[in-house]
Every structure is written in structure tokens, then in C-alpha cells.
Amino acid sequence: LAKTTQPISMDSYEGQEVNITCSHNNIATNDYITWYQQFPSQGPRFIIQGYKTKVTNEVASLFIPADRKSSTLSLPRVSLSDTAVYYCLEVKTGANNLFFGTGTRLTVIP
Amino acid sequence: DSGVTQTPKHLITATGQRVTLRCSPRSGDLSVYWYQQSLDQGLQFLIQYYNGEERAKGNILERFSAQQFPDLHSELNLSSLELGDSALYFCASSVKGNYGYTFGSGTRLTVV
Numbered sequence: 658l659a660k661t662t663q664p665i666s667m668d669s670y671e672g673q674e675v676n677i678t679c680s681h682n683n684i685a686t687n688d689y690i691t692w693y694q695q696f697p698s699q700g701p702r703f704i705i706q707g708y709k710t711k712v713t714n715e716v717a718s719l720f721i722p723a724d725r726k727s728s729t730l731s732l733p734r735v736s737l738s739d740t741a742v743y744y745c746l747e748v749k750t751g752a753n754n755l756f757f758g759t760g761t762r763l764t765v766i767p
Numbered sequence: 025d026s027g028v029t030q031t032p033k034h035l036i037t038a039t040g041q042r043v044t045l046r047c048s049p050r051s052g053d054l055s056v057y058w059y060q061q062s063l064d065q066g067l068q069f070l071i072q073y074y075n076g077e078e079r080a081k082g083n084i085l086e087r088f089s090a091q092q093f094p095d096l097h098s099e100l101n102l103s104s105l106e107l108g109d110s111a112l113y114f115c116a117s118s119v120k121g122n123y124g125y126t127f128g129s130g131t132r133l134t135v136v
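So the sequences go chain by chain: S and R.
Going by this note's numbering, the letters in the first sequence line up with residues 658 to 767, in that order.
Going by this note's numbering, the letters in the second sequence line up with residues 25 to 136, in that order.
It cannot be assumed that every hint is accurate.
To be verified - Pairs of lysine-lysine, DSS-like flavour, derived with a Cα cap of 30 angstroms: (1) R:K81 with S:K726; (2) S:K749 with R:K81; (3) S:K660 with R:K81; (4) S:K726 with S:K749; (5) S:K726 with S:K660.
To be verified - Computed beta-carbon distance windows for the label pairs: (6) S:P664 with R:D95: 23 to 31 angstroms; (7) S:T686 with R:T37: 44 to 52 angstroms; (8) S:M667 with R:D64: 32 to 40 angstroms; (9) S:T710 with R:G66: 27 to 35 angstroms; (10) S:Q699 with R:S103: 20 to 28 angstroms; (11) S:N682 with R:G52: 33 to 41 angstroms; (12) S:P664 with R:G27: 30 to 38 angstroms.
In short, the hints are calculated from the structure, not lab data.
All residues carry an ideal CB built from backbone N, CA and C; glycine is no exception.
Work out the full structure: start from the sequences and follow the hints.
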């Protein structure tokens, strides 16, 4: 049973900012919210993680509201190479595995 | 290069056969995880090893087994192969079950 809910697919034009939102209706107090990116025929790659408020790194920003019932991954000015599947996960520190849902397939259009 | 090495990259074998997939974790990582990704099932967790010991099991079939050796590399053994076992098999490693999993580029298994 999927723990998170996110859109199956999204399209965006090059140069646009893309926001992918994930629902975390049953997130536990000690869960972190983590996002992974997966290109075709490659393993998932860690993008960003947060617990509350906003986290930013060189690749993306992650916004988490105070109630932590949702999270939004923001990709600034996407390019064709950002076309990939993006997964949101709820992860306990020291967890023995990561549960991947269906992810959001982002297609960047020229 | 993620630092996690998986071999072979591609494998084609017949039904009923047995294969071994190999994974070398990133230097310093003690945990190894195996995942299966097929078109209709998505990424499925199979099993985790930490410093040579099995720590967690997911949806791993009895025909499949794994181990982690003293040098921390891991092998996933798949036997009595069926057409439905065709998938990408990924290995990931982490320092100690922390969130920063690093995945390898996978082994694509095709059973014919």
C-alpha cells in the first residue's frame, strides 16, 4: 500500500519552474521526507531531504508545511535532461529499506 | 559513477537457469540493499545486509537468495528462473541505514 500520493505524470517546457507535490497523509513524527530522481535504465539518485519548512541545495528546493501533510519539490528552470521519474518517500532514520511508490514522470518539452 | 558497482550490466539466460548478480558498495558503506524493478511492479525492495548480516527482507522469492561477504560486496542469486523474473536489479548502499542511499546502475536480466 503506497504511503504517499503524487501525480503520475507532468509535462513542462524548458526553462520553466516545475513544482511536484506529494501527499503525506499518514506521515509519522519521526519520518523525514526524501525525494529521488530516476532516469531510464539507471538507479534512483537522492535529490533532497527535509523534515519541516524549506530546504535548498544546488539541484532543487523542498517545501514542507508545518502540518507535514504534503511536500513540494521545486526544480528551477528545467532542461530536457531533467526528464525523469521523481519519487517522494517517507523515511525513518536508520530505516532498513526505502519504499518507492509509482513516482511522477516529468517530461520536459523543448 | 555513483561508487556502487554492479556486474554484469546485462544478462540473458533461459528459463530454469541460475544466475548470480554482484554488487560492490561505495567505499565505507556497510549496508547493501537489493531492489527489483519491472515494468508492472515498480521498484520493489528485496533484501538488506549490514556488515555481513541479513537485516531486513522484503518481497524476495524463495528461489532468490543473497549474501554479503567480509569485504562487503554482495551477491544476489536467482535460481529456477522464470520469464517473470526479467527485470532491472539494483543494488544500493549506505553507511548505516541512513537516508542517503546510493544506487548502482543496475543489472538488466532477461529470461527467455
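Now the hints, each set against the structure:
1. R:K81 with S:K726: Holds, because 28 angstroms separates the two Cα atoms, which is no more than 30 angstroms.
2. S:K749 with R:K81: Given pair K749 (chain S), K81 (chain R) holds - Cα atoms ~17 angstroms apart, limit 30 angstroms.
3. S:K660 with R:K81: Holds - the C-alpha atoms of K81 (chain R) and K660 (chain S) are around 19 angstroms apart, at most 30 angstroms.
4. S:K726 with S:K749: holds (16 angstroms)
5. S:K726 with S:K660: holds (12 angstroms)
6. S:P664 with R:D95: 23 to 31 angstroms: violated (43 angstroms)
7. S:T686 with R:T37: 44 to 52 angstroms: Because 46 angstroms falls inside the window, the suggested range holds.
8. S:M667 with R:D64: 32 to 40 angstroms: violated (22 angstroms)
9. S:T710 with R:G66: 27 to 35 angstroms: Given about 30 angstroms between the Cβ atoms, the range holds.
10. S:Q699 with R:S103: 20 to 28 angstroms: Holds - the Cβ-Cβ distance for Q699 (chain S) and S103 (chain R), about 27 angstroms, lies within 20 to 28 angstroms.
11. S:N682 with R:G52: 33 to 41 angstroms: holds (36 angstroms)
12. S:P664 with R:G27: 30 to 38 angstroms: Given a distance of about 32 angstroms, which is inside 30 to 38 angstroms, the answer is holds.
The structure fails to meet hints 6, 8 from the earlier list, while all remaining hints are met.
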